[in-house]
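From first to last, the protein sequence lines are chains A and B. The first sequence: position 42 = 42 (our numbering), numbered continuously. The second sequence: position 162 = 162 (our numbering), numbered continuously.
Misleading hints may appear alongside valid ones.
[To be verified] Okay, derived cross-link-like pairs now, SDA-like style, lysine to any residue, Cα gap no bigger than 25 angstroms in a straight line: (1) B:Lys-248 - A:Asp-242; (2) B:Lys-124 - A:Pro-96; (3) B:Lys-124 - A:Asp-248; (4) A:Lys-191 - A:Val-149; (5) A:Lys-139 - B:Arg-175; (6) B:Lys-248 - A:Val-265; (7) B:Lys-124 - A:Arg-91; (8) A:Lys-139 - B:Pro-123; (9) B:Lys-124 - A:Glu-47; (10) B:Lys-124 - A:Lys-191; (11) A:Lys-139 - B:Glu-84; (12) A:Lys-139 - B:Lys-248; (13) A:Lys-191 - B:Lys-248; (14) B:Lys-124 - A:Thr-258.
[Claimed, not checked] Reference listing, derived: stretches of chain B covered by chain A, where coverage requires no fewer than 3 residues with Cβ under 8 angstroms from a Cβ of chain A: (15) 17–29; (16) 99–107; (17) 124–134; (18) 155–167; (19) 176–183.
It should be emphasised that the hints constitute simulated quantities derived from the structure, not laboratory data. The beta-carbon is built from N, C-alpha and C at its ideal position, and this holds for glycine as well.
Chain by chain, the residues:
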Amino acid sequence: MAEIVSLAEGVAELVNDGDTVALEGFTHLIPFAAGHEIVRQRRRDLELVRMTPDVVYDQLIGMGCARRLVFSWGGNPGVGSLHRFRDAVERGWPTPLEIEEHSHAGMANRYVAGASGLPFAVLRGYTGTDLPRHTPTIKPITCPFTGEVLTAVPALNPDVTIVHAQRADRTGNVQMWGITGVQKEAVLAAKRSLVTVEEIVDSLEPMPTQVVLPTWAVSAVALAPGGSHPSYAQGYSVRDNDFYQAWDAISRDRDTFTTWMREHVLDARRDA
Amino acid sequence: MSAEWTADEMMTVAAARQLRDDTACFVGIGLPSTAANLARATHAPRLVLIYESGCLGAKPDRLPLSIGDGILADTADAVVSVPEVFNYWLQPGNIDVGFLGGAQLDRYGNINTTTIGGDYRDPKVRLPGAGGAPEIAASCREVIVIMRQSPRTFVERVDFVTSFGYGTGSGDRERLGLRGAGPQVVITDLGILRPEPSSRELVLTELHPGATVEQARAATGWQLRVADDLRTGEPPTGSELSVLRALKAATGGNRSASNA
């Protein structure tokens, strides 16, 4: 059964230095508040996993929380580059960042394998590209029935997956809707999971396109209203596109970035 | 270029014209999304827009600013998980057209959105990476590429093959067992390139009104060949331009579109 905790307690209990951590949410429902709490608790040497690192991982990388990144698309959506990610890869600032690079199809299938309790997934992918030459976790595999050569990618089983959802009930059942990306698979693939929510309600009214994570499939639930900003929570907020634009200037320069993080994250205690 | 429309508007209109009604199109954000939404708002009202965030049959009335814009889910026929988009819809060949952009393109239609210069572990420029593009380029029945043309972006050989076009030429796709036909048309701000059937090399087949062969050659990093039957395309119609500008105005201004 999921424990209802504060965000600070949830991160303190579930995220350790050196862990493999996945914060998922495909443009929608990105768990920014949890990312900020990881920065405040000064976690180090994390292996960060996420299909689209987005601004949330740009912040974690720039604050020196990560030693490794497993990803498939590292840009600022609709804007351009992630400057902290680029600075880490191109110049090793603040620390060198090892990367393991996939495609979206590969990452999605790696979570599916993880959630399915299988060691790897099979797909028709990466064919002809340069990715298999640089990413050891992409291998050819021959179909035992047809002889066709396909691609295998290993399961992803994060130590902890963190997602943001619209609601949970008081027993910790979680409900999300709208674009739900790969969150269900990422939670089920993980050893531990933390879900931040917009609100905790007495009962979950069914919603179109909903995904429900039963309480016994989740480690902890924390209330974090607005916890996906500048991403959004359908039915609660809209995406703050202006912030994504503004991030380009904030993150371009190391000092500007560090000052912004100090003011808006490190010194901004979140009450939840 | 005429003062009545910009080169980017001409490129977007030319790309929209390539999309046929009653087909399904896998759309990347930025220029492809703008062109696909223009097509749906003009000659192809039943064009099915598929976004990798899981939105099938999205019908936005403004341009989405990200692949997971709420308007895509609100207006979609179905919203599915990301594994489902790639495994059930893209991989088996259920999608007619893949619509891609990129940072570098080479004479055989291979696309790079990963790294430029240096080597992979120590690149001069680190780009966002693959996203959905490698499998879109492999599995859609055909691929349309839209990219601004310059000697830095249209290169002899891409620094990194993120999405496979025709490899090193004729026969490579077939040898690798790729099911889709690959990039059938490349739309730029100067004109249109298509693969020569025998060699699969991209050649200039069409110029936008006002553009010249010399400009196209100067903006290409390989010895660009010109088709014998080179034609000049039609300028944007008044209605194409007004619909495009209305879509952009409803979005709240022109956003840069540097992602794949």
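Original post:
Under a C-beta cut-off of less than 8 angstroms, do 3 or more residues of the region 99–107 of chain B approach chain A closely enough to confirm the stated coverage?
Top reply: With 0 residues closer than 8 angstroms to chain A, the region 99–107 of chain B misses the three-residue bar; violated.
**OP:** Sort out whether Arg-175 of chain B lies within 25 angstroms of Lys-139 of chain A, counting only the CA atoms.
**Re:** Cα-Cα ~18 angstroms, so holds.
**OP:** Please count how many residues of the region 176–183 of chain B have a CB within 8 angstroms of a CB from chain A and say whether that reaches 3.
**Re:** With 4 residues close enough to chain A, the hint holds.
**OP:** For the pair we were handed, Lys-124 of chain B and Pro-96 of chain A, check the Cα-Cα distance against 25 angstroms.
**Re:** holds, 15 angstroms
**OP:** Measure nothing beyond the straight line between the CA atoms of Lys-191 of chain A and Lys-248 of chain B; if it is 25 angstroms or shorter, mark the hint as holding.
**Re:** At roughly 45 angstroms apart (the allowed maximum being 25 angstroms), Lys-248 of chain B and Lys-191 of chain A break the hint.
Subject >> Three-residue Cβ test at 8 angstroms for the coverage of the region 17–29 of chain B by chain A >> reply: violated (count 1)
Subject >> Stated coverage of the region 124–134 of chain B by chain A [criterion: 3+ residues, CB within 8 angstroms] >> reply: holds (count 11)
Original post:
Within a Cα-Cα threshold of 25 angstroms, do Lys-139 of chain A and Glu-84 of chain B meet the stated pairing?
Top reply: holds, 22 angstroms
Original post:
Is the Cα-Cα distance between Lys-248 of chain B and Asp-242 of chain A 25 angstroms or less?
Top reply: holds, 16 angstroms
Original post:
Has the given pair, Lys-124 of chain B with Thr-258 of chain A, been kept, meaning a C-alpha gap of at most 25 angstroms?
Top reply: With Cα atoms ~24 angstroms apart, Lys-124 of chain B and Thr-258 of chain A stay inside 25 angstroms; holds.
Subject >> Straight-line alpha-carbon gap Lys-139 of chain A to Lys-248 of chain B, limit 25 angstroms >> reply: Outside the cut-off at roughly 43 angstroms; violated.
**OP:** Measure nothing beyond the straight line between the CA atoms of Lys-139 of chain A and Pro-123 of chain B; if it is 25 angstroms or shorter, mark the hint as holding.
**Re:** holds, 24 angstroms
In this structure, the earlier hints numbered 4, 6, 10, 12, 13, 15 and 16 are contradicted, and the remaining ones agree with it.
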